[in-house]
Amino acid sequence: MKVDMKIDVHHLTRVEGHGNIEITVKDGKLEKARWAVVETPRFFEAMLRGMSHDLAPMLTARICGICSIGHSLASLRAVERAMEIEIPEPANVLRLLAKHGETLQSHILHVFFLAAPDFFGVPSVIPLIKTHPEVAGLAVRLKKAANDLCDLVAGRTTHPVSLVVGGLSKAPEKHQLREIRQVFVDRIPDIEATIELFKTLSIPDFVRETEFVALKGEKDYPWIGGDLVSTDGVVKPEDDYRAMTNEYKEDFTTSKFARLSRESLAVGALARLNNNFQFLEEKSRAAAEELGLTPVNHNPYMNNVAQVIECDHVIRESIKLIDQLLEMDLGDIKADYRVRAGEGVGAVEVPRGILYHEYEIDSEGLITKANCIIPTTQNNANIHFDLAALAEQELEEGKTDEEITHLSEMLVRAYDPCISCSVH
Amino acid sequence: MKYLGIEPEKIKIGSFDFTCCEGCQLQLANKEDTLVDFLALLDVVNFREISSHRGEDYDIALIEGSITRADEVERLKKIRKRAKILVAVGSCACFGGVNQIKNKFPIEDVVREVYGDDPVETLPVRKVSDIVKVDLEIPGCPVSKEEVERIVVNLVTGAEIKFPKYPVCVECRRNLNTCVFDLGQICLGPITRAGCGAVCTTGKTGCIGCRGPAEEANYEEFRQILKDHGFTVRQALERINFYGGLPEMVIDES
Chain A
1 MKVDMKIDVH
11 HLTRVEGHGN
21 IEITVKDGKL
31 EKARWAVVET
41 PRFFEAMLRG
51 MSHDLAPMLT
61 ARICGICSIG
71 HSLASLRAVE
81 RAMEIEIPEP
91 ANVLRLLAKH
101 GETLQSHILH
111 VFFLAAPDFF
121 GVPSVIPLIK
131 THPEVAGLAV
141 RLKKAANDLC
151 DLVAGRTTHP
161 VSLVVGGLSK
171 APEKHQLREI
181 RQVFVDRIPD
191 IEATIELFKT
201 LSIPDFVRET
211 EFVALKGEKD
221 YPWIGGDLVS
231 TDGVVKPEDD
241 YRAMTNEYKE
251 DFTTSKFARL
261 SRESLAVGAL
271 ARLNNNFQFL
281 EEKSRAAAEE
291 LGLTPVNHNP
301 YMNNVAQVIE
311 CDHVIRESIK
321 LIDQLLEMDL
331 GDIKADYRVR
341 AGEGVGAVEV
351 PRGILYHEYE
361 IDSEGLITKA
371 NCIIPTTQNN
381 ANIHFDLAAL
391 AEQELEEGKT
401 DEEITHLSEM
411 LVRAYDPCIS
421 CSVH
Chain B
1 MKYLGIEPEK
11 IKIGSFDFTC
21 CEGCQLQLAN
31 KEDTLVDFLA
41 LLDVVNFREI
51 SSHRGEDYDI
61 ALIEGSITRA
71 DEVERLKKIR
81 KRAKILVAVG
91 SCACFGGVNQ
101 IKNKFPIEDV
111 VREVYGDDPV
121 ETLPVRKVSD
131 IVKVDLEIPG
141 CPVSKEEVER
151 IVVNLVTGAE
161 IKFPKYPVCV
171 ECRRNLNTCV
181 FDLGQICLGP
191 ITRAGCGAVC
201 TTGKTGCIGC
211 RGPAEEANYE
221 EFRQILKDHG
231 FTVRQALERI
241 NFYGGLPEMV
251 IDES
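Chains as they are written, first to last, in the working numbering: chain A, 1 to 424; chain B, 1 to 254.
A portion of the hints provided could be inaccurate.
Stated by the list, open to error - Which residues of chain A face chain B? A few of them, derived with a C-beta cut under 7 Å, are:
no. : residue
1   : F43
2   : M47
3   : G65
4   : I129
5   : K144
6   : G155
7   : G166
8   : K170
9   : K249
10  : T254
Unchecked claim - Across the chosen pairs, the derived CB separations fall in these ranges:
no. : chain 1 : residue 1 : chain 2 : residue 2 : range
11  : A       : K249      : B       : K133      : 36 to 42 Å
12  : B       : K10       : A       : G137      : 19 to 25 Å
13  : B       : G158      : A       : Y248      : 51 to 57 Å
It should be emphasised that the hints constitute simulated quantities derived from the structure, not laboratory data. Remember, predicted model here, so these are calculated numbers, not experimental data. Beta carbons: idealized from backbone N, C-alpha and C, even for Gly.
Isolated chain A, as found in the complex:
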């Protein structure tokens, strides 16, 4: 067994934002294993104070370049709940459709561009264009479909324009919805090929039991609002999100940590699947079972697989949502509302897990207090404790520095951390 080891991955690549992995082994014993976020904070909650409520979704979309639609939706939900605004049903369906576009876009970006190079032993997706054109082709086609859906419904994929307080500012035309529906039907063979591809990849074998937190499904796989649930049996209403997150700060990191019933918790695709498996589309559920993913799965590397399954689910459900919209009056997409004082929480399942926004708004419609809790913030402690457990397991097996470094990098990437988001 190795006696001394010092792993220091400064600014981990192929993740969103800046974080370091530090592992030290002395005399054969693990001395330190850390996940340290060194990202520069931007202080969005401070900036929101004094801002008009209708600009809050636009400002907070800028927290994240990947899940800006999710931030807009959490922000809108917080504002609309604070002011007791009921949005028209077609707007609800359109928002969920935009959300599905984002989930697909983000997961495909992560699975193919950020995670896949590890499985193929290359530094980035670029060499795959030559060596595995069929894999690159799947990535490009699926990602384009996702972006086209977001552009159509939200006006733009990164920093949406038509998601506004009360509903949407503009609805797509029905002929455009029919066209994008066909694109999504055409992508089903691509996502099925992706599932087949994942059957051939070897997922690292590592398990550390943890608590998975997600929105609680009632009839459907949940994305926007509702109760919160954990695999340790905790159930709380949306408004009690702080009791579900319990943020705290460690000295070595600029992003906060979170916990619930144990020393850490996990959110994201794997957490959603572990809590809401029965609500997946039937075919997606069958694919998950074929890939060896059934609840409760405690291997964090399986988050990559869970993302692929969610891609399958959102493609199939998007087609159904478009069918619903084609039967609706898309002139009715925005509610008039009266500005009033209030407090509201918005919980939304964004690609990397539950995102919470909470605002206090005064009678002029200005934000007086804001709080945002990001999925990666909730995952940081889990990543941190996983690293220690992984390093100990791999040391026992006599792995080299390089092998442990590689597995540690893959572990952090599996969570798809959105680091700049987490230190908003």
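Chain B: place on chain A using the hints.
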């Protein structure tokens, strides 16, 4: 690999992110139709978000984000020394972007509001050109992927780089949109530089000026438009100050 049938000399490019959402660099990966051709032009030597390769021998450095900590200042200076051409990409790099809203509050207050009694290090927000010489600025929140691609291709092929001088209003009218002022919203389209294709106003949402001032903007006329629609400059201020790119002359009015 060939680009449009010819074999150009590949240019070495690095993409570097500072304080930001990383949405601008994502735009480079988001243009799937031409992504493969675009990559054929470039030798991506340093692009942490998508690649583990960390080369230091880049000709063009794309800088995303604003500068908010001492270590970022040092990192930026190092990149400037190595790069032949340094491009500020996105509103955060060009103007400070939404991050500079922080600057209207005292720094201790901002830190206390978010971190309570566990403070973290942060400086007032600065744009890239406050620290180093910038050869080219491509604003936008996010940048328009078509524009970045066009500019990078022009840099590689040696073609002249031009930006529109006219405001967003021109592109908006070309899209045959109803004016968003007539929908009851404030819009900065009359004073903001075009090139975005009027994406926000086409989505029936007022422009918030992410691309900075248009050279051919008429501020007097803009004040008149605000007045005609019953808005004051004060009401428009929150939007004018959103990205830090628009000039103060618009601000100091009743």
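Tested hints:
no.: 1; hint: F43; result: holds (5 Å)
no.: 2; hint: M47; result: holds (4 Å)
no.: 3; hint: G65; result: holds (2 Å)
no.: 4; hint: I129; result: holds (6 Å)
no.: 5; hint: K144; result: holds (4 Å)
no.: 6; hint: G155; result: holds (3 Å)
no.: 7; hint: G166; result: violated (12 Å)
no.: 8; hint: K170; result: holds (4 Å)
no.: 9; hint: K249; result: holds (4 Å)
no.: 10; hint: T254; result: holds (5 Å)
no.: 11; hint: A:K249 / B:K133: 36 to 42 Å; result: holds (38 Å)
no.: 12; hint: B:K10 / A:G137: 19 to 25 Å; result: holds (23 Å)
no.: 13; hint: B:G158 / A:Y248: 51 to 57 Å; result: holds (55 Å)
The structure shown violates just one earlier hint, number 7.
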